[in-house]
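Colleague: First to last, the sequence lines map onto chains E and G. Everything in the first sequence is counted per numbering that gives the first Met the number 0, starting at 0 for the first residue and increasing by one. Everything in the second sequence is counted per numbering that gives the first Met the number 0, starting at 0 for the first residue and increasing by one.
Honestly, the hints are just simulated from the structure, not real lab data. Hints should not be assumed to be uniformly reliable.
Some, not all, of what chain E presents toward chain G, calculated at C-beta under 8 Å [stated by the list, open to error]: (1) Ala187; (2) Pro447; (3) Ser450.
Note that the structure is predicted; figures quoted are calculated from it, not measured. Beta carbons are placed, not taken as given, at the ideal position from N, Cα and C, and that holds for glycine.
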Amino acid sequence: MATSIVDLPTGHTPYPPITQTHADVTRDVVGTLSPPGKGYLALLAAAVACFVIGAATFLFMVFKGLGYAGYQPPIFWSVFITTFVFWVGIGHAGTLISAILYLFRSPWRTAVYRSTEAMTVFAVMTAGLFPIIHIGRQWIFYWLLPYPNARYLWPNFKSPLMWDVFAIGTYLTVSSCFLIFGLVPDVAAIRDKVTGWRKWLYTRLAFGWQGTDNQWRHYSRAYLYLAALCAPLVLSVHSVVSWDFASSLIPGWHGTIFAPYFVAGAIYSGIGMVLTLLIPLRKALKIEHMITEYHFDNMAKLTLLTGTILFYAYGMEYFVAWYSGNTFEQTTFWRRAFGPEWWGGWTMIVCNAFVSQLLWFRKIRTNLTALFVISIFINLGMWFERWVIIQSLSNDFIPYAWDSMNPTWVDWFIFLGSCGWFSMWFLLFAKNFPIVAIQEIKEFIPMPRKSGAAHGGHH
Amino acid sequence: MAGGYVPGVLGSFAHIDAAIATITALRAKGHRDLTIYYSHPNHELEEAAGHGVSPVRRVTLLAGMTGTCAAFGMQIWMNRDWPLVVGGKPPIAVPSMVVIGFELTVLVAALSTLAAVVIFSLLFRAKGRVVYHERFSDDRIGVFVPATGAQAREYQALMQANGAVEVQHVEG
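Here chain G stands alone, though its shape is the one from the complex:
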């Protein structure tokens, strides 16, 4: 393995129950720094990983509210700055602002949600460069645990006992 990687043990699993048994065992040993790779969303693996609900939801809500306020604020300010009486309606006619209010709510919320995914993925990722295998985007589940020395050998044995099809000791 080329240098620059976080030292540890990477197990490759063909069976989900084997991967979950390994994740559970490693978490029981106090590891909260696992990196688990899988090719598509799966509830069982998400539960085993033990993460809480993503904070993205708060960003979506706050951004949506910001979009609504910005849209109404913009229209009120611009209608006051350049008062146009159209169709007998007053310059600040709230019903006419609803469509743009809705559109900007959606636009700001959607763009902020995307930005939040990028930021949170960067913030909460493992420290350092973790080894990856191309089959993890295909049909294998990967479990990486940072470890060195005797501990690494112990985890290697654990993964093999649980049914890993391949175990790799990363020296770093």
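The following block holds chain E by itself, in its conformation from the complex:
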């Protein structure tokens, strides 16, 4: 079967590799679902163990009280909100790659978007736990929702926290739908290849999909509209999260730059996590020929762009604090760099602003070991960015009330539990569902013709 694909700039590895046929794509992706090895099982066991530790700690906190989590003035919600924003941010790269790059017809997204989309859903699922962990009386979390009640009360719709409930809820629902909807034709392809319990399972999960002209006719249109609906969510969700902070008067938070700064940071952290997950995963699943240097090069360029925007935003924050002449603003930023928590501020700047600049070099962008190390720095730096932002509470307008964050073992174990929860879902997904989009990769492979002329099916 003829196999050359799309026109790519000179110097790039052709995508997909020239040896692939439609049948090869199905076979290779179905191959990723083979019984797991010891390494996978060990990783899964570690993830589940972390999750169990976190869940047990959470139950301890519920019985003993929030005070065990280092809640004390002036910072009450410290590690929990830091981790909440961290996971929400990670959830942004997936939709950017799957929806926005789909609308731009970017060819390199095809091989990586399924895994990033799954990462998005699991990251937002993880983030959504933290407001519930924080509220103290978790069993009445539904008071956040506007429902008719005996108290004749409605939520305060002028609060950005309320906007967040709708923003995160919508994002989780729509991105989950987008992931599941995209999976249906691929699950049907797997259904037709496997036997036993998997056949039973995938037959049900394929929802009767057979790939008829009538099904594709509605499916293709709906996928386009879902992508168009998801695209603005990428920009809106983290803007709303940023307004949780920016609409208050706390020095260091009350800035108009917060929304674009948060969105750039979210995409930066999301791509960082994608790199952390995909570099080992492609090797473990033996799909190096599908997710190639070409894809990592493009993801690294996106990281460089968003990292550079962050660099500018960090610089601008310091400049505006100095130029404003506002003593409280100036003090906040002085303390970020030279106060008792200086190490957090510098970790953020070094990992996000400076490390990302290494990606100007193509040799580094295409060296997967270097990229993996950089991605770890990005994850670390982006967690510390949120930590530093929360630190603003430690020195507001009344110096008498100033104090630092005091996280306890409860905070750290619940953070560890969130990492376990996220990893557990991602690992389970990677071994039970196609991590690479079968039908979209096939779109890039020309349909064979009797006449022998190659003609791409991609549009």
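Dock chain G against the given chain E, drawing on the hints supplied.
Modeller: Just chain G now, with coordinates in the frame of chain E:
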């Protein structure tokens, strides 16, 4: 073939031009009841199938507008029912409603789009159970035409002449 299927002829094609030639010939004979199977979206096959644009788009638009109206309506009603003056803003402060207005627009439009795909796929599908082959989700294109008797034999010959790699006569 087990019973219960719509009687007809199913051709399996390895080449897209062969499948399109068959679809075109069958449509020229007046068949609007073909079922065409393929593993991934393809413009040429979509054009050959001769469908119009999916009505899903109307559902998405109407549902999005409904979401916007519902969000603003909900906030106006609840703010009137429980008037909270926050930050000196009036109970019905339109700018504060924009975020939830946008989110519900997207949420209602997305969920309705999914529901529309399910409903339209069920409404416009072939009448009865049409035979399917597992290779259609892999690398083959399938063309099924309902037919019996002499007509079925004619279509069988047509598919073979056009280069079908396998032709199956479904008795029903």
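Colleague: Which of the listed hints are broken here?
Modeller: Nothing - there is no hint that the structure violates, so all of them hold.
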